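Trainee: In order, the protein sequence lines correspond to chains A and B.
Counting in the working numbering, the first sequence runs from 1 upward without gaps.
Counting in the working numbering, the second sequence runs from 1 upward without gaps.
Don't read these hints as lab results, they were simulated from the structure.
Keep in mind it's a predicted model, so treat the numbers as computed, not measured.
All C-beta atoms in this analysis are idealised placements derived from N, C-alpha and C, irrespective of residue type, glycine included.
Check the hints yourself; a few may be wrong.
Claimed, not checked - A few chain A positions that, by computed beta-carbon distances, are all more than 12 Å from chain B: (1) K16; (2) T19; (3) M24; (4) H33; (5) A39; (6) E70; (7) E74; (8) E115; (9) L129; (10) H137; (11) N189; (12) K201; (13) R210; (14) Q216; (15) E226; (16) F244.
Stated by the list, open to error - Examples of chain B residues toward chain A, derived with CB under 10 Å: (17) N42; (18) D179; (19) G182; (20) A247; (21) A472; (22) I527; (23) P534; (24) R539.
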Amino acid sequence: MFLAKNLVELSNVSVKPLTYGDKMNAQPYLLQHIEVSMAGGEWITFIGRNGSGKSTLARVIAGFGAMHIEGRVERDPVRFVTGQVPIVLQQPDASMIGSTPWEDVVMMLEQHGVEGSKIPELAEDALRLVGMHIRMHQRVETLSGGQKQLTAIAGCLAVQSPMLILDEVTAMLDPEACIHVLEKVRELNKRGVTVIWITQKLEELAASDRVLALEQGEVRFDHKAESFFARDEDGRSICESMGFTAPYVIQTAWELEKLGLPLESLPMTPETLAKAVQQRW
Amino acid sequence: MVGDWKLNQATVVAQNEREKQLLSGINLTFRSGAITLLVGHNGSGKSTLLETIAGLRRLHSGSIEQGNESLWTSEGRKPRLNKTIVMNTGIALQQSESQWFASTVREEFDYSLKPYGITSEEREKRIISAMEQAGLPLELLERDPWTLSGGQQRRLAIACLLACEPQWLLLDEPTAGLDADGIRRLCAMLDAHRAAGRGAVVATHDLDALLPLADEVAVIDGGSVREAAPAASWAAAHAHDAAAPQAQRALAQLRAAGFAPPAEPSGAPWPAPRELAALLAAQRAATPVQAAAAQTAAACTAATEPPPISAAPITTTTLAQPNRLASRFDPRALIAAYLLLATTILLQHSWAGLAVAAALSAAALIPLWEQIRPWLKAIRAYIIMIAIIAIIAGLHFNPVSFDWAPAMQNLQRFSGLLLVMMLGMPLMALVTPLRVQRSLEQTFGWLNRFKVPVTQVALTVTLIFRFIPLLADEWERYVKIAHARGKATTASRSLPFRMLLPAMVPYIRSLLRMAEQMADALEARGIGHPAAKPTQGLRLRFSREDMLIVIFAATAAAILIFIR
Numbered sequence: 001m002f003l004a005k006n007l008v009e010l011s012n013v014s015v016k017p018l019t020y021g022d023k024m025n026a027q028p029y030l031l032q033h034i035e036v037s038m039a040g041g042e043w044i045t046f047i048g049r050n051g052s053g054k055s056t057l058a059r060v061i062a063g064f065g066a067m068h069i070e071g072r073v074e075r076d077p078v079r080f081v082t083g084q085v086p087i088v089l090q091q092p093d094a095s096m097i098g099s100t101p102w103e104d105v106v107m108m109l110e111q112h113g114v115e116g117s118k119i120p121e122l123a124e125d126a127l128r129l130v131g132m133h134i135r136m137h138q139r140v141e142t143l144s145g146g147q148k149q150l151t152a153i154a155g156c157l158a159v160q161s162p163m164l165i166l167d168e169v170t171a172m173l174d175p176e177a178c179i180h181v182l183e184k185v186r187e188l189n190k191r192g193v194t195v196i197w198i199t200q201k202l203e204e205l206a207a208s209d210r211v212l213a214l215e216q217g218e219v220r221f222d223h224k225a226e227s228f229f230a231r232d233e234d235g236r237s238i239c240e241s242m243g244f245t246a247p248y249v250i251q252t253a254w255e256l257e258k259l260g261l262p263l264e265s266l267p268m269t270p271e272t273l274a275k276a277v278q279q280r281w
Numbered sequence: 001m002v003g004d005w006k007l008n009q010a011t012v013v014a015q016n017e018r019e020k021q022l023l024s025g026i027n028l029t030f031r032s033g034a035i036t037l038l039v040g041h042n043g044s045g046k047s048t049l050l051e052t053i054a055g056l057r058r059l060h061s062g063s064i065e066q067g068n069e070s071l072w073t074s075e076g077r078k079p080r081l082n083k084t085i086v087m088n089t090g091i092a093l094q095q096s097e098s099q100w101f102a103s104t105v106r107e108e109f110d111y112s113l114k115p116y117g118i119t120s121e122e123r124e125k126r127i128i129s130a131m132e133q134a135g136l137p138l139e140l141l142e143r144d145p146w147t148l149s150g151g152q153q154r155r156l157a158i159a160c161l162l163a164c165e166p167q168w169l170l171l172d173e174p175t176a177g178l179d180a181d182g183i184r185r186l187c188a189m190l191d192a193h194r195a196a197g198r199g200a201v202v203a204t205h206d207l208d209a210l211l212p213l214a215d216e217v218a219v220i221d222g223g224s225v226r227e228a229a230p231a232a233s234w235a236a237a238h239a240h241d242a243a244a245p246q247a248q249r250a251l252a253q254l255r256a257a258g259f260a261p262p263a264e265p266s267g268a269p270w271p272a273p274r275e276l277a278a279l280l281a282a283q284r285a286a287t288p289v290q291a292a293a294a295q296t297a298a299a300c301t302a303a304t305e306p307p308p309i310s311a312a313p314i315t316t317t318t319l320a321q322p323n324r325l326a327s328r329f330d331p332r333a334l335i336a337a338y339l340l341l342a343t344t345i346l347l348q349h350s351w352a353g354l355a356v357a358a359a360l361s362a363a364a365l366i367p368l369w370e371q372i373r374p375w376l377k378a379i380r381a382y383i384i385m386i387a388i389i390a391i392i393a394g395l396h397f398n399p400v401s402f403d404w405a406p407a408m409q410n411l412q413r414f415s416g417l418l419l420v421m422m423l424g425m426p427l428m429a430l431v432t433p434l435r436v437q438r439s440l441e442q443t444f445g446w447l448n449r450f451k452v453p454v455t456q457v458a459l460t461v462t463l464i465f466r467f468i469p470l471l472a473d474e475w476e477r478y479v480k481i482a483h484a485r486g487k488a489t490t491a492s493r494s495l496p497f498r499m500l501l502p503a504m505v506p507y508i509r510s511l512l513r514m515a516e517q518m519a520d521a522l523e524a525r526g527i528g529h530p531a532a533k534p535t536q537g538l539r540l541r542f543s544r545e546d547m548l549i550v551i552f553a554a555t556a557a558a559i560l561i562f563i564r
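From just these sequences and the hints, can you work out the full model?
Mentor: Written out as structure tokens, the structure is:
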């Protein structure tokens, strides 16, 4: 049963690459038995190694690509007007086709069939939301990687996408640009935009983020970030069992735990670590 | 034992705009036996600096020395690189992981090792040891390098470098795309390299992985050195930066809250989590209860003070010119004007006519001098070619004599073509892809009724326009890689003929990959979706200026027809 508050519901979804005839049966599954639902306004971080199926899952949710899909994928017909959600990918150089941010967003709107007379205003509003309106008419060669990614994000906002799907958009950026892009997207999320954030960097997680961890095409974990890092009685966490290296603050908290000094809750940032230590000491 | 690198007022300018400095007045010394990190934003000039040290970019002014020898020697007319330094230096560029052109991994090693002229036993020994250091199984030696996984290709690039046993390693973003194990191996390799008394310069964003290993840090910003300091003190000074590694920020926060594990004067910039936890635990055990309470109160106030905001705003580097010129004119006016002028110039058959044509072209081109300038080299080459053709046309061999008539005739023909060519050169800078697309759609849109796919063709034209500028950049990248690997001593723009193949094969592959990435990105953004009905948010309108352009061109054309 599709719930009104949900944007997307996937139940028992399995995915294979699309081929024809008998070859189909021999294809390995890219995704298997996926049960996920997403509510409007949520922030979900997808993590997993290369080839774990993160990007495939994002595409299934977005409604893209030629894939053989089994199971049930339901999208809110009111908000998914075009039936598709644009995705921004990791390569900043490939993410813009216009020669200026303004042109890029205008082309995006044109290609999505938005009424011509409304386009200039919509484009400028979207660029303002990501802070790119001051560079609206700047040539693409003079933009940094982060600015190109923000332009691509503005394009998604402009076409009234019901959610933002960002597939490792910070992978090619320098640390300052990463922080800037992440902050902007967090801001949009606070304003109610649903965000799927795909990343390899566990440091980008914030407290009480919903984490969806994939391994070999299956969902291994779907819960709060804190419980992803929480160690059980045997001193093991999902994070470690999946072969990820935990961020420094988490590792420090684990070591304190080992010394018999567990913190009240797992800190996700340096600030919360310092605060937790203060309270405990 | 090799000497330190010394850069003295090293300045590098862009190839086509000589007044644009990519690096300005760099003074730096890289110590042998130390690891120096180059940090800074994307586009700050880190990679340019690495390439300059390796001799892959020409110095505009200043000098670079290794030990007491200069990198560039100017015996003879053309500057050449110092062979000893080139052989001593191994550089891995960002695209080195896709530099493959041979059919097996072993052949790739052979190519890298060829300039060193070592015996085959020695070569075998080095290959095996390099593969082991990089963590690659020896079975891979007979495999096609392109069948390796992305991570393995990155390791192989490093292994090819290690096999040459260079005294100096210059690495650009070596941790990008490596998994945790790959990064550990890279660090161990760098550590061993340093322990052997050799040096490394590493451009990186990945301070989490590399700062603990570094001896020095140089911050590059806008093409100059903003700061150079020992790694430990630099780390301590920048611990509050929003973009600093998490470990560094955690330490800074704990210090601010009064739980300061003392800053270590030398060695690692931060303790391992285990050590930090032990320090905190020890501190807790040593603190009496009341004192702890007092300390907590004090710490709270300390912690509430906002950390100094020192993260540089993202909006630095290039002072960008808004794209005014490119959106000023209607492409239709420009194309019409160009066609009028070009046709009538080609109709000229007299020197007088050509002179008038040249004067009219000059009138049109002088305001566009900036847009012509990047083409000057091509123009010069073309003029030389015309001269040679004219001479050949005039030469008679039996008996040897020179006939002026055919020579002049040729000269006339090609001069007309030169004018037409030059008029076309600034066009690219005067339009943007979207505006060309729209002018095509607005001019030929009526053909849609006859099932001519005008919209699709116009969109394709836009994408091709967007793609073309990337072609030259990409070629230059692979030329540099081939140049560095082949240990050529020519100035890097002139690649020796034998190195053409090692540049060409990865270049073509990279173009295909780029096209694929773009197609992927387009699809992901929902562009070109069959169900979508594109609209037009931008409509071109003929302005008075556009009218003037067409009138000028029509008048010029009329004059040219008249005097023909």
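Trainee: With reference to the structure, classify each hint as holding or not holding.
Mentor: Checked hints:
{"no.": "1", "hint": "K16", "result": "19 Å, holds"}
{"no.": "2", "hint": "T19", "result": "19 Å, holds"}
{"no.": "3", "hint": "M24", "result": "22 Å, holds"}
{"no.": "4", "hint": "H33", "result": "25 Å, holds"}
{"no.": "5", "hint": "A39", "result": "23 Å, holds"}
{"no.": "6", "hint": "E70", "result": "22 Å, holds"}
{"no.": "7", "hint": "E74", "result": "19 Å, holds"}
{"no.": "8", "hint": "E115", "result": "6 Å, violated"}
{"no.": "9", "hint": "L129", "result": "16 Å, holds"}
{"no.": "10", "hint": "H137", "result": "4 Å, violated"}
{"no.": "11", "hint": "N189", "result": "19 Å, holds"}
{"no.": "12", "hint": "K201", "result": "10 Å, violated"}
{"no.": "13", "hint": "R210", "result": "21 Å, holds"}
{"no.": "14", "hint": "Q216", "result": "16 Å, holds"}
{"no.": "15", "hint": "E226", "result": "17 Å, holds"}
{"no.": "16", "hint": "F244", "result": "8 Å, violated"}
{"no.": "17", "hint": "N42", "result": "5 Å, holds"}
{"no.": "18", "hint": "D179", "result": "8 Å, holds"}
{"no.": "19", "hint": "G182", "result": "12 Å, violated"}
{"no.": "20", "hint": "A247", "result": "4 Å, holds"}
{"no.": "21", "hint": "A472", "result": "12 Å, violated"}
{"no.": "22", "hint": "I527", "result": "5 Å, holds"}
{"no.": "23", "hint": "P534", "result": "5 Å, holds"}
{"no.": "24", "hint": "R539", "result": "7 Å, holds"}
Going through the hint list in order, the structure does not satisfy hints 8, 10, 12, 16, 19, 21.
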